[in-house]
Amino acid sequence: MSQTVLDVRDLEAGYEPGVPIVRGASITVDKGEIVVVLGPNGAGKSSLIKAVAGLVPISRGKVLLDGNDITAAPAHTMVRLGLAFVPQTENVFPLMSVEDNLKVACGILERREAPARIAEMYAMFPDLARQKRSAAGNLSGGQRQMLAVARALIIHPKVLVLDEPSAGLSPKFVSMVFEMLSAIRKSGVTILLVEQNAKAALAIGDRAYVLVEGKERHEGVASTLWDDPVVAELYLGQRPLKPEAGGAA
Amino acid sequence: MSLQFVVDGLLAGSMIGLGAIGVTLTYSILRFSNFAHGDFMAWGAYATLVCVGAIGALFGKVAPIAPLSFGWPLIVGLIAGMAFTALLVLLLDKVLFSRLRRQEQAIIVVMGSFGASMALRSLLEFIFTSRPTYFSRAIQIAMPVGLGIRITPDQIALLVLTVVLVVGVHLLTTRTQTGRSMQAMSQNPALARVVGIDVAGVVRVTWIIGAALACVAGVMIGILIQIRPFMGFDMLLPMFAAAILGGIGSIPGAVLGGLIIGLAEAGAVQLIGAEWRAAVSFIILMAVLFVRPIGLFGVRER
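These protein sequence lines map, in sequence, to chains C and Z.
In terms of this note's numbering, the first sequence opens at residue 1 and continues consecutively.
In terms of this note's numbering, the second sequence opens at residue 250 and continues consecutively.
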């Protein structure tokens, strides 16, 4: 039995009291896995991981990271606890240089460790090294996503949580982002991601959950999830089983 | 015309610029126009005055440092005054601004700062009366430095102090982790939290820097002109003009804006008359904004 890194139990969360968007969702992420959360629009996927990251108020349930209760810990303490979150949009500081975007995330590292970590990120993402002096706002969409992921990885997170990393990217960059995530997992990082682009996400994922109306309704092995008629019904409604290239967004 | 206005303008510009740094930081990080910032200057000047008085009572009369009009008590008083102003401002944030910020509407905080401005000013008038007072009544002889310009040792010392402070704050905000956290907060507060920045800590640092510089500017006005409860309020419009002219959020911009406004006002006094002082700086402000709406050093959002 592999070790559970992130354990979300019966989570209820929402922006306004009494109006939960996440309604009793439970998911687990094991060490070294990529877990994908899918679901139709408005299912509460983003709210679920934002609640886990401390950005949406939690009204019930628990979030455990490596067995420690991190339920509703303030968002700025999450990196110290070992959870790095990459928001869907506006996930870099546009007026700061690429290098400063990385440096600003090094707050919890030892002062001497930071330059070495930044060098490791440049080795992993040569595109960023080439542009380290330019403002992050001048990067292409794909490079911004790289920068956001590098910034999240820099603190050695126990789990990397991403909100729709392919959103708004052109098809060329979409495949690049998923290849990048696959490579990051191979280096031993545990990943939880929410995606609209189901086909691409399932191609790199180990397990997947289908979230409907704020609760997980189905769980399965990523590679076979599409062939499951229950999933087709939950997620796709009456649409044909095989999604077109580019996913079911 | 005499070039004397250059010295007068640089000095006025230094006071305006030091104040404008606080205005621009508050605007870009706490996201509101703080109309009480001028009154922080006045409180800083009075706090320093009280410290200098207390030192005088404890140690007797202290001789001024060679060519300057003041001795070490003013330097110690200034440092104590900066600390006092910072504490006062942090207290004000705790009881007033932090509560108003929770409403998430800038206009509420702006109105709150108006109220704080009036209350702070009235309190000064109540404690110290509205009669002007001075750090020193000694008259300094201005030295001729060529081109018809004369400058006093005090003025040279204060110009040097301004340069040191501006360079120091610029390095702090661009080269240190604290400064990067402040930039991050001004660009995207939600993302700043996600990357692990303690928002409350950044807010505190912002207030402390603004308050300390306001105190220095207030003491400069006290040394070169006079101390009175309205001294800071009268600086409010030039400070905002400087911050906007330089580009909101930019520290070099705020200082350059301050110098431009200061020089323009001093030049206007000499060329057309003192009553046009404020008008000239605002004509320059409008002219710059027509050509470059984001200010000299401003950056377009995304």
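If you are wondering where the hints come from, they were derived from the structure by calculation, not from laboratory data.
All values reported here derive from a predicted model rather than from experimental measurement.
The beta-carbon is built from N, C-alpha and C at its ideal position, and this holds for glycine as well.
Mixed in with the good hints, there may be bad ones.
[Claimed, not checked] Sample of chain C residues at the chain Z side, in silico, Cβ under 8 Å: (1) Val79; (2) Gly82; (3) Ile108.
[Stated by the list, open to error] A few chain C residues that don't get close to chain Z, going by computed Cβ distances all over 12 Å: (4) Arg23; (5) Lys31; (6) Asn41; (7) Asp66; (8) Pro87; (9) Asp100; (10) Asn101; (11) Phe125; (12) Asp127; (13) Lys132; (14) Ala135; (15) Ile154; (16) Ser170; (17) Lys186; (18) Arg207; (19) Glu233.
[Stated by the list, open to error] Computed footprint of chain C on chain Z; a stretch qualifies when at least three of its residues, placed anywhere within it, have a C-beta under 8 Å from a C-beta of chain C: (20) 411-418; (21) 422-431.
Hints, one by one, checked against the model:
1. For Val79 (chain C), the suggested interface contact is upheld, since its CB lies about 4 Å from the closest CB of chain Z, less than 8 Å.
2. Because the beta carbon of Gly82 (chain C) sits about 11 Å from the nearest beta carbon in chain Z, more than 8 Å, this interface hint is broken.
3. Because the closest C-beta pair between Ile108 (chain C) and chain Z is about 6 Å apart, less than 8 Å, the hint holds.
4. A cut-off of 12 Å between C-beta atoms confirms that Arg23 (chain C) is not in contact with chain Z; the least separation is 24 Å.
5. With a least CB separation of 23 Å from chain Z, Lys31 (chain C) remains clear of the 12 Å interface cut-off, as annotated.
6. Chain Z leaves Asn41 (chain C) outside its interface by the beta-carbon criterion, the shortest separation being 22 Å against a cut-off of 12 Å.
7. Asp66 (chain C), annotated as away from the interface, keeps every beta carbon of chain Z farther than 12 Å; the closest lies near 18 Å.
8. Not every CB of chain Z is more than 12 Å from the CB of Pro87 (chain C) (nearest about 6 Å), against its label as outside the interface.
9. The claim that Asp100 (chain C) lies off the interface is violated: its Cβ sits roughly 6 Å from the closest Cβ of chain Z, which falls inside the 12 Å cut-off.
10. For Asn101 (chain C), the condition that its CB be more than 12 Å from all CB atoms of chain Z is violated, with the nearest at approximately 9 Å.
11. Taking the minimum C-beta to C-beta distance to chain Z, about 17 Å, the non-interface status of Phe125 (chain C) holds against the 12 Å cut.
12. With a minimum CB-CB distance of about 20 Å to chain Z, Asp127 (chain C) clears the 12 Å threshold, and the non-interface call stands.
13. Against the 12 Å criterion, Lys132 (chain C) stays outside the reach of chain Z, whose nearest CB is about 14 Å from its own CB.
14. For Ala135 (chain C), the requirement that its beta carbon stay farther than 12 Å from each beta carbon of chain Z is not met, with the minimum near 9 Å.
15. Interface exclusion of Ile154 (chain C) from chain Z breaks down, the closest Cβ pair being 9 Å apart, not more than 12 Å.
16. Non-interface status of Ser170 (chain C) relative to chain Z is upheld: no Cβ of that chain comes within 12 Å, the nearest being about 19 Å off.
17. For Lys186 (chain C), the requirement that its beta carbon stay farther than 12 Å from each beta carbon of chain Z is met, with the minimum near 25 Å.
18. For Arg207 (chain C), the non-interface assignment is confirmed: its Cβ lies about 25 Å from the closest Cβ of chain Z, beyond the 12 Å cut-off.
19. No beta-carbon of chain Z comes within 12 Å of the beta-carbon of Glu233 (chain C); the shortest separation is about 35 Å.
20. A count of 0 residues in the stretch 411-418 of chain Z with a Cβ less than 8 Å from any Cβ of chain C is obtained; the coverage claim is therefore unmet, three being the minimum.
21. Judged by the Cβ-Cβ criterion of 8 Å, the stretch 422-431 of chain Z is covered by chain C as claimed, because 3 of its residues qualify and three suffice.
Hints 2, 8, 9, 10, 14, 15, 20, counting from the list given before, are not met by this structure.
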